[in-house]
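Protein chains: 4
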Amino acid sequence: MDLQAVVDEIVAKMSPRLGEGKVADYIPELARVDPKQFGIAITTVDGQTYMAGDATVPFSIQSISKVFMLTLALGKMGESAWKRVGREPSGSSFNSIVQLEHEHGIPRNPFINAGAIVVTDMVLAGHKPREAIGEFLRFMRYLTDDDTVIIDAKVAKSEHLTGYRNFALANFMRGFGNLEHAVELVLGVYFHQCALAMNCVQLSRAGLYLANRGTNPLTGFSVVSPKRARRINALMLTCGHYDGSGDFAYHVGLPGKSGVGGGIMAIAPGKASIAVWSPGLNKVGNSALGSEALEMLTTRTGWSVFGH
Amino acid sequence: MDLQAVVDEIVAKMSPRLGEGKVADYIPELARVDPKQFGIAITTVDGQTYMAGDATVPFSIQSISKVFMLTLALGKMGESAWKRVGREPSGSSFNSIVQLEHEHGIPRNPFINAGAIVVTDMVLAGHKPREAIGEFLRFMRYLTDDDTVIIDAKVAKSEHLTGYRNFALANFMRGFGNLEHAVELVLGVYFHQCALAMNCVQLSRAGLYLANRGTNPLTGFSVVSPKRARRINALMLTCGHYDGSGDFAYHVGLPGKSGVGGGIMAIAPGKASIAVWSPGLNKVGNSALGSEALEMLTTRTGWSVFGH
Amino acid sequence: MDLQAVVDEIVAKMSPRLGEGKVADYIPELARVDPKQFGIAITTVDGQTYMAGDATVPFSIQSISKVFMLTLALGKMGESAWKRVGREPSGSSFNSIVQLEHEHGIPRNPFINAGAIVVTDMVLAGHKPREAIGEFLRFMRYLTDDDTVIIDAKVAKSEHLTGYRNFALANFMRGFGNLEHAVELVLGVYFHQCALAMNCVQLSRAGLYLANRGTNPLTGFSVVSPKRARRINALMLTCGHYDGSGDFAYHVGLPGKSGVGGGIMAIAPGKASIAVWSPGLNKVGNSALGSEALEMLTTRTGWSVFGH
Amino acid sequence: MDLQAVVDEIVAKMSPRLGEGKVADYIPELARVDPKQFGIAITTVDGQTYMAGDATVPFSIQSISKVFMLTLALGKMGESAWKRVGREPSGSSFNSIVQLEHEHGIPRNPFINAGAIVVTDMVLAGHKPREAIGEFLRFMRYLTDDDTVIIDAKVAKSEHLTGYRNFALANFMRGFGNLEHAVELVLGVYFHQCALAMNCVQLSRAGLYLANRGTNPLTGFSVVSPKRARRINALMLTCGHYDGSGDFAYHVGLPGKSGVGGGIMAIAPGKASIAVWSPGLNKVGNSALGSEALEMLTTRTGWSVFGH
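Chains as they are written, first to last, in the working numbering: chain A, 1 to 308; chain B, 309 to 616; chain C, 617 to 924; chain D, 925 to 1232.
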């Protein structure tokens, strides 16, 4: 299959539609991004990268960072992490607090905000915030084998200043004893992890270990066991798109994780890691063109995990 | 891979544990089933069936019927079916009514009771209940290529007599205008579809079209398009085990649908359709030994859709 | 104080506004009532009745019947009735089912539909539906000392045919074991009690025992103890207007119970029983002009229980 | 009626039961209070005070302060205050956040924590926190005509350190734009108002304006209009005891407001203001002995607003 032709075709189809959807406006720094951009990159398990459109323009990965922080936390805590966060779809929006009250401060899964904050609290254990941020950044550079990946401090600050809902979630869980560190410290790390800037090429490489039984085939680095890679993929498929996870599975058929910056990382197990980016979001908060591009991709490639 | 050895090994592992879990007791007729039973059958896309344990003992498929009724309804309605039922995990138990009130009578997905009742209402369109039940039964015989499949009228009656919660759900949706037929008629069909009796061998054959791009390789019958087969698989993976769907995806990694009779049907796209059965249920209402058996199976076979 | 002048003045103020609000349309028979009507009657504890406007036009008392059925049920069950229904405001609409799921089938109070259905089930104990309806009708004639009070069978039938939500509530509670009789039987009585037709004069007399320490001063009949009268008044004040109870207490300051037929019964303890009626409802489902009329009344008379 | 005999009798009945209930332990400083205390004071509208038990021992008034802050806020904002906070019972616990999410950051009433935080934000307008605290303290001294009333800084600090849930509520509402000042500032004031220390005698005098048409009969100071006094009483009756408000109305029959410090202020309109205090709380978070004492009081005096 000519994957370069596939990504070129996707970019050609998306070009006239650039600007569709609605850029996230609750984080002022993100609201300033030019909506008329679209990029895609595929890195296959045999190490080839195919890219098209704005594939080398950096963007804020936002919630996609939750996958990588979960990987770090599972490395530290093992399966005991699941005592503090569940593994079920939430049936509500990314920043809902209702479920937390009904379930005594245990978030439904690590990919909604509340769950990711608990995961960050796990990674923070034994560290100062600055060190935890450093660990995360090193991990991302290790995954991408690229030291140019950086955290956008402006975005982190912008999120901090307007992150009332996250402060609410964190304080709420702290009240239930499900946060070991002070809210300010945990969110300090959290806002920085969300503010990581990557482009599609880098992001597609970062996720490659999940497509390749836990090992990055580009570097040979073993990141997680094959079993854990499968399990993280399972979590992404059931919970990776908030209350649009079912829809994404239905249309795209790949494990994936979206961010409000407009990025989506998707994993075709045994085949490739894919990154798409376009800032305009659909109604459930996932990149509008990005979601459609991935549906086109799986239609063309037959990569859906649910059959070809 | 020697699949017969795999199923034999699974039965050997499960034998000392027969009787674990809790048999569903809210349907009196089901409560009378001997809990110390376990069966498994795998039918591959090349037409071989491997079985072990109580694989030829018939049991009540209960909610597994929701997959087949959805297949029928999509055949009648096409994608317009999704105006009346969603495609997202519910984040609550199989018979919850809370979500229905919050979302104006539109059930979250076709695999919780409320959603399945709407689906039954779709299949009923233009028919008398007796005809719709007949259509369903014929469809199941067509899928299995086996005319001995029957509906257990005693079970249907038992469910009817104690099905207050389903009457509540149906009346609630009827109040919102999301049920076109009288509650009694729709539930009359619904209780009969749930009461279908099959054994593991039959069930594994019935699901084979979902593993084989919509076509039953045993008979050559085309049931749905490849795309629709993928999509039904996606729905099973995200929503097939109620509020244990995330957990099932995490541990087993296959699309699947469980029933309170203790059966589970799982699909390995491109490879096989699997049926397990053991009456004792775990905390979220899925067969306890059946769930574990499927985890053993995917560990041994590498069939998880999330990588091997 | 010249109460006749007060009611005349109220009618004069309301006359130009007849037709405001929205007539309940979910019960077809009620939707046919002429909205441009307004009546008021005050019966004082010394036995005088003051009336104005359409005070002798019969209307469907609907949920106001819940007060009288509760009186009957407490007579049968005593305080043990509170094991099956709570005494707290619900914080939700009259026909909400969410709370029932969260609180295991125990309705929050006897004045929301679910609670009233449980109360009807209590009154039904040991009776056939026809007998229970007869008991209720005799009780209402006894309270009003007026044998012309009747049940409007057409309205009862109309409610029965469209009462899906009540069937949902009743089945739901029956599933939790909080209904002792078959749903059809309980709702058969329930729809009849709601369909009682009275005019303002009759209704003001029916409530007089609640204003007069449990005894009807017109007939000398003792209905309940002074303590029970106080307690029923307390329940009406906190729960009598669904999710508008706080607002009614704030503006009117009297225990009261409204019905979707547009009637409101209000009690000024130690002083009088008041009935107002006007079919148009406000946003929370209480008579729009009726609520305002009562606010005018307490402003003019100083009868608010919260001070004058 | 010999009110001194009434309070003496109540203290005699309560003496053998001192220590019942459970002292609030989530605020460490409050957890240290000796549970075996009970005090009661009645101040009548003609200026007499009757006291018994530990009526002169100061305690933390906690949520009772919400009544006085509401009085201040209404003075500043008038009825426009109700755009930012509702007037309906919440149907949930004092610190629930569920309702806030469902109703877009508008708390149900000013007597749950979320509502009181909004009220504090109103009082803070145009002030520094220190000034707002000063204004509140002066107001309380004015109401009691007693300059010895103080704020317990230790308690305020203790609440601040453990007040995660209140930080969650405040951040949540700030995210919805329903808090004009920074969370830290608003809660700084809030924790201080809750930490006001008063004894029963002082508290009974502070509430006297609500029993006397808005005017303190001891000092002649006009605090609010008669209408506003009635309305605040109505709010206390429907919402003053969180999810035990219905029960309190049922058993006691007076407008009242409780605090987790074990105090309850109750108003008998036209007659008296009553304060009781005993640290042990019942299941819904109101003083166990205090609630019962008030029921005894209204039984003996016939002061229930629902009839005698």
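Keep in mind that the hints were calculated from the coordinates and are not lab data. Any given hint could be a false lead.
[Stated by the list, open to error] Simulated restraints, written as ranges between beta carbons of each label pair:
id, chain 1, residue 1, chain 2, residue 2, range
1, B, 323, D, 943, 52 to 62 Å
2, C, 924, D, 1006, 49 to 59 Å
3, B, 390, C, 718, 51 to 61 Å
4, C, 792, B, 450, 39 to 49 Å
5, D, 943, A, 78, 23 to 33 Å
6, D, 1027, C, 792, 37 to 47 Å
7, D, 960, C, 719, 33 to 43 Å
Since the structure is predicted, the reported quantities are computational estimates derived from the model, not experimental observations. All C-beta atoms in this analysis are idealised placements derived from N, C-alpha and C, irrespective of residue type, glycine included.
Verification of the hints:
Between residue 323 of chain B and residue 943 of chain D the beta carbons are some 58 Å apart, a value that agrees with the proposed interval 52 to 62 Å. With their beta carbons about 23 Å apart, residue 924 of chain C and residue 1006 of chain D fall outside the hinted range of 49 to 59 Å. Taking the beta carbon of each, residue 390 of chain B and residue 718 of chain C are about 29 Å apart, not inside 51 to 61 Å as hinted. Between residue 792 of chain C and residue 450 of chain B the C-beta distance comes to about 40 Å, which sits within the given range of 39 to 49 Å.
Hint check: residue 943 of chain D to residue 78 of chain A, Cβ distance near 46 Å, so the stated range 23 to 33 Å is violated. Distance hint check for residue 1027 of chain D and residue 792 of chain C: the Cβ-Cβ separation is about 27 Å, which falls outside the suggested range of 37 to 47 Å. For residue 960 of chain D and residue 719 of chain C, the hinted distance range of 33 to 43 Å is satisfied, since their beta carbons lie about 34 Å from each other.
Taken one by one, the earlier hints fail for this structure at numbers 2, 3, 5 and 6, listed in ascending order.
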